[in-house]
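Colleague: Sequence:
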Amino acid sequence: MTADNEVGIKEAFQRAQRGHNNKAKLVIGLRSRYNNLEDKTLFHEEFVHYLKYAMIVYKREPTVENVIEFVARFATSFQSPPKTEEEEEEEEEEDDDDAAQDDHPFLSFIFNFLLESHKANSHAVRFRTCQLINKLLGSMAENAQIDDDLFDRIHQAMLVRVTDKFPNVRIQAALAMTRLQQPKDPDCPTINAYLLILENDSNAEVRRAVLSCIAMCPWTLPKVLKRTRDIKENVRKLAYQVLADKVHIKALTIEQRVNLLQQGLRDTSVREVVCSRLLPSWLHRLDNNVIELLHRLDVENCDKIALDALKAIFKGASSEELLENRVQLDNRKLIPVDSLTSENVLYWRALCEFFKAIGDEGDEMLEQVLPDAATYAAYLYGYLKTVPELSEEQRSDINQVELVITKRFISQQLIHLIGCLDTNEEGGRKRLLAVLQEMLTLPQTPFSLISLLTEKLLTLVPDDHRRIQTVAEIISDVRAPIMEASQPVDKNESRRQQIQLAEVKVRILEAKQTLEDCVTAQEFSRAAELKDTIAELENHRNQIIQEIAEWNQPAEKEVRTEKSDPETLQRCLTICAQLLKEMNIKTRINPTISALMSSLILPSIANAHPEVRNVAVLCLGTCALHSKELAKTHMVLLLQIAQLDEVKIRISALLAIIDLLLLFSFQLLSETAATQTAPPSQSPDRQEDDAPLAEVKRDVSEDTAQSILVMLSEFLDSEVSELRTAAAEGLAKLMYNGRISSTKMFSRLVLLWYNPVTEDDTRLRHCLGVFFQLYARESRVHQEVIEESFLPTVRTVMNAPVTSPLAEVDINNVVELFVELTRPSALIKPSTNTESAYVHDYLAVRMCGEMLKDLTAPEVRLYTKTLSNLELSADDTIRKDLHTLLQQLVQLVKDRFCVRALEKVMNQLMDTKEQSELLSASALQPLDVNADGTHANAVYTRIKPDIPLSIRNKCYLSVPPVVVRPSRRAKTAALEKTKLDLSTLINQEANVS
1 MTADNEVGIK EAFQRAQRGH NNKAKLVIGL RSRYNNLEDK TLFHEEFVHY
51 LKYAMIVYKR EPTVENVIEF VARFATSFQS PPKTEEEEEE EEEEDDDDAA
101 QDDHPFLSFI FNFLLESHKA NSHAVRFRTC QLINKLLGSM AENAQIDDDL
151 FDRIHQAMLV RVTDKFPNVR IQAALAMTRL QQPKDPDCPT INAYLLILEN
201 DSNAEVRRAV LSCIAMCPWT LPKVLKRTRD IKENVRKLAY QVLADKVHIK
251 ALTIEQRVNL LQQGLRDTSV REVVCSRLLP SWLHRLDNNV IELLHRLDVE
301 NCDKIALDAL KAIFKGASSE ELLENRVQLD NRKLIPVDSL TSENVLYWRA
351 LCEFFKAIGD EGDEMLEQVL PDAATYAAYL YGYLKTVPEL SEEQRSDINQ
401 VELVITKRFI SQQLIHLIGC LDTNEEGGRK RLLAVLQEML TLPQTPFSLI
451 SLLTEKLLTL VPDDHRRIQT VAEIISDVRA PIMEASQPVD KNESRRQQIQ
501 LAEVKVRILE AKQTLEDCVT AQEFSRAAEL KDTIAELENH RNQIIQEIAE
551 WNQPAEKEVR TEKSDPETLQ RCLTICAQLL KEMNIKTRIN PTISALMSSL
601 ILPSIANAHP EVRNVAVLCL GTCALHSKEL AKTHMVLLLQ IAQLDEVKIR
651 ISALLAIIDL LLLFSFQLLS ETAATQTAPP SQSPDRQEDD APLAEVKRDV
701 SEDTAQSILV MLSEFLDSEV SELRTAAAEG LAKLMYNGRI SSTKMFSRLV
751 LLWYNPVTED DTRLRHCLGV FFQLYARESR VHQEVIEESF LPTVRTVMNA
801 PVTSPLAEVD INNVVELFVE LTRPSALIKP STNTESAYVH DYLAVRMCGE
851 MLKDLTAPEV RLYTKTLSNL ELSADDTIRK DLHTLLQQLV QLVKDRFCVR
901 ALEKVMNQLM DTKEQSELLS ASALQPLDVN ADGTHANAVY TRIKPDIPLS
951 IRNKCYLSVP PVVVRPSRRA KTAALEKTKL DLSTLINQEA NVS
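Residue numbering for the sequence shown is 1 to 993, as defined by UniProt numbering.
Rather than coming from a laboratory, the hints here were simulated on the basis of the structure.
Yeah, the Cβ is synthetic: ideal placement off N, Cα and C, and Gly gets one too.
One should not assume that every hint holds.
What the hints assert, rightly or not - With a straight-line Cα cutoff of 35 Å, these simulated DSBU-like cross-link-like pairs (lysine-lysine) come out:
1. 456 / 311
2. 165 / 865
3. 165 / 135
4. 23 / 52
5. 586 / 356
As the list claims (entries may be wrong) - What follows is a set of in silico ranges between Cβ atoms, one per label pair, in the way DEER data are often shown:
6. 398 / 582: 33 to 39 Å
7. 399 / 582: 34 to 40 Å
8. 581 / 326: 30 to 36 Å
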């Protein structure tokens, strides 16, 4: 390099700011200048002098970023080139002193300068220091080495900076430690710091930075998996990307794989990452073998998740690829029975369902992977007959149990495939229907398949009346099958027949002897008569012999024997429940259903076995939905079951009661009470005497409704989480659909949502969280209910004893929830009349009245703080009344914080005219501009109404202008007018010097 190509330090920094400059040439030019200098100290000092201009800028300006990039390249250009393996082996044989000579003086000087600067008071300097260390370490060769002492110093400095209060500093410090990790060391301080950040750092970008650079090892994998459930969408996405890129599928347990797919495919924000990154990565590591992937997921226990994963894979593949990669089918388009496995049958089902969902194009492809209905019916029947039943001895054999479980799972998938068949052809549909009917009547059919078989059978019979008739015949065959019965032989009758035969034989012998005597005496006329008598006796003898033979052979007759064992009753009830579930809600109860009710369902309610009672309650509740009269008749029975039976049965009865109240409302109870207390018809003359009776009816119905609400309220306090969740979900449905309107119930639901006892009940928390938002946004009437429940809820939380779980609830969070739920702008159809009173107006009055009761109460501060977050209406009368209350409070309250908060609210109630005048006076005006046109020292003045943004358009604070810190938008606008150029500062410094 000649002297002409040398570049000065100042020139290099100026040219480095421009992105289009070739930084490699700048590095070479400046390095040539460095190499030609004898005294390196002056170069070091001048270089750091100009570097400091970039390090005091916190904002990510392009010019500054270019300078930082240039400095990192220049510093690492002095590093020795990567060594070969032979050179490394030779170096290992040398002394440690010789190995330490690899660190270049300039590189060591830069590191020393940065390590001295990381504790600076300026967060900009700390940020740039960590950023430079990160870039220096990242720009080094893959097998680069640094001095152990320098390693430890960098390590300790970055461990301090990852706890910096500025997120950007923590991000750069975390990135800088990427190459300092030691994954094989369980006590690596870098990895421990990373894990601590992932668990506790409140900034999502810091957690993302750690995720992007953390090394995968057995003790970091669980923490990365936990980030897939992070509260921030971007963190969850990056966690899935890291798992796809860095973690082999074999490194995960089956449970972890299933959970990743279950959460990722259900989370709409990360579903795209799972489909485009995670699943393709797993398939690639398994040589694109989908069956092997299913084997890694244990499809027998998570078939729904496996189906979702297969659909995601199919969507990313073309039709030709799907047909090429289909399962191995024989010439009948069936998987041979010997080759059936849980994985390939599930893949076959998913492929057929995917083609079925496509439409006309999919029908053509479906014909290539699925046979006609008649062929498939024979195939299904043959396989279902091979599913064995376990004996008592076999149930202790794990291998036999696993074999039966696998066969039942395969049977379920084959039954599901019925929905993909073309059943338009009459013969195939009839054959398939006959197979399903026969399988339902066979006692060898596993109980786990009964519901699914019934569901597929009902899909083949579209008419409800035919469905009812078909199911009734099946239930009759299952409960009372036709059996052959033999009739025992009557010994007395047999002896009588033998005696009669002996008498006839004696008479025949006597007649033959008499005949011989007549022939000898030549009495031929007498002999002819005897001959006829003998013929008659022989005929009679033959008839008796035939009767004896028939009587001695036991007769076999076909008779129906009714079975009442628990398994049979449960089968029949399951078939009936599936029928009632599939029936149209408008279909009325016909005589066949009524017969099933009286002969099967109602007697099973009193059965000794809980499984039978549970299915019977489901049938009763579903059947009552089709008949209001039936619902009125059996409502009391369901209420008794919901309070007295086992937990599972109580939940079934409770759900049935909720469904009936949703469909028929609480009028069902009044009609029930009216039916039970209805007197005989009376003349019009006695109508005046009926008034007390009407009051009695109304009182009875109200008592019944009240008893139901009391029961539901008691269930909310149940220790059984399933019962508590069912009651809360039922109350939420009743309130949302307008069946009940109760402030007490809403308050109970809010307290249940916040109660730490329900922290692990995710279904309950999710249900109530959705309900609160939908209920509040639906109508103003609902918001008024919420407003009325505000004070009782707050009092309950505030007065909770120390031993109560509610003592741990954050009251500020509860109040914020009520404020947001009652916000007028949150309504789906907000009122267009701005002069009308808002729900927040009434809420403000309630809080003011509560404060006036006891000015020393601890919740006074809470109420004064909450008042400033309310959306108040523009109605003058309401504003004046509220202003009067606030004035009274200001005079009485002694707490300075409360007084300031109340004055703040009073200023919000000013007139709209004054508000608009202040709005026009609040424009940003620069007070000081540099002579060269820069706005580096510009100070802005604005009038900042000290009120929330949601109501800033309605009322303004009348205060004199104050100098405040400009907003983020103001600073952005000012900085966009002038791009920061470090050359100006450098020139100014040069002129001064």
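Colleague: Indicate, hint by hint, whether the structure satisfies it.
Modeller: Hint by hint, here is what the structure shows:
Of the pairs offered as hints, the one joining residue 456 and residue 311 holds, with about 22 Å between alpha carbons and a cut-off of 35 Å not exceeded. Proximity of residue 165 to residue 865 is assessed by CA-CA distance (about 28 Å); at most 35 Å being required, the pair is judged to hold. Between residue 165 and residue 135 the CA atoms are separated by roughly 22 Å; this keeps the pair inside 35 Å, and the hint holds. Distance restraint check for residue 23 and residue 52: the Cα-Cα separation of roughly 19 Å lies within the 35 Å cut-off, and the hinted pair is therefore satisfied.
Of the pairs offered as hints, the one joining residue 586 and residue 356 holds, with about 30 Å between alpha carbons and a cut-off of 35 Å not exceeded. For the hinted restraint 33 to 39 Å between residue 398 and residue 582, the CB-CB distance of approximately 37 Å keeps it satisfied. Checked against the hint of 34 to 40 Å, the pair residue 399 and residue 582 passes, with Cβ atoms roughly 38 Å apart. Remark: the range hint 30 to 36 Å for residue 581 to residue 326 is upheld by a beta-carbon distance near 34 Å.
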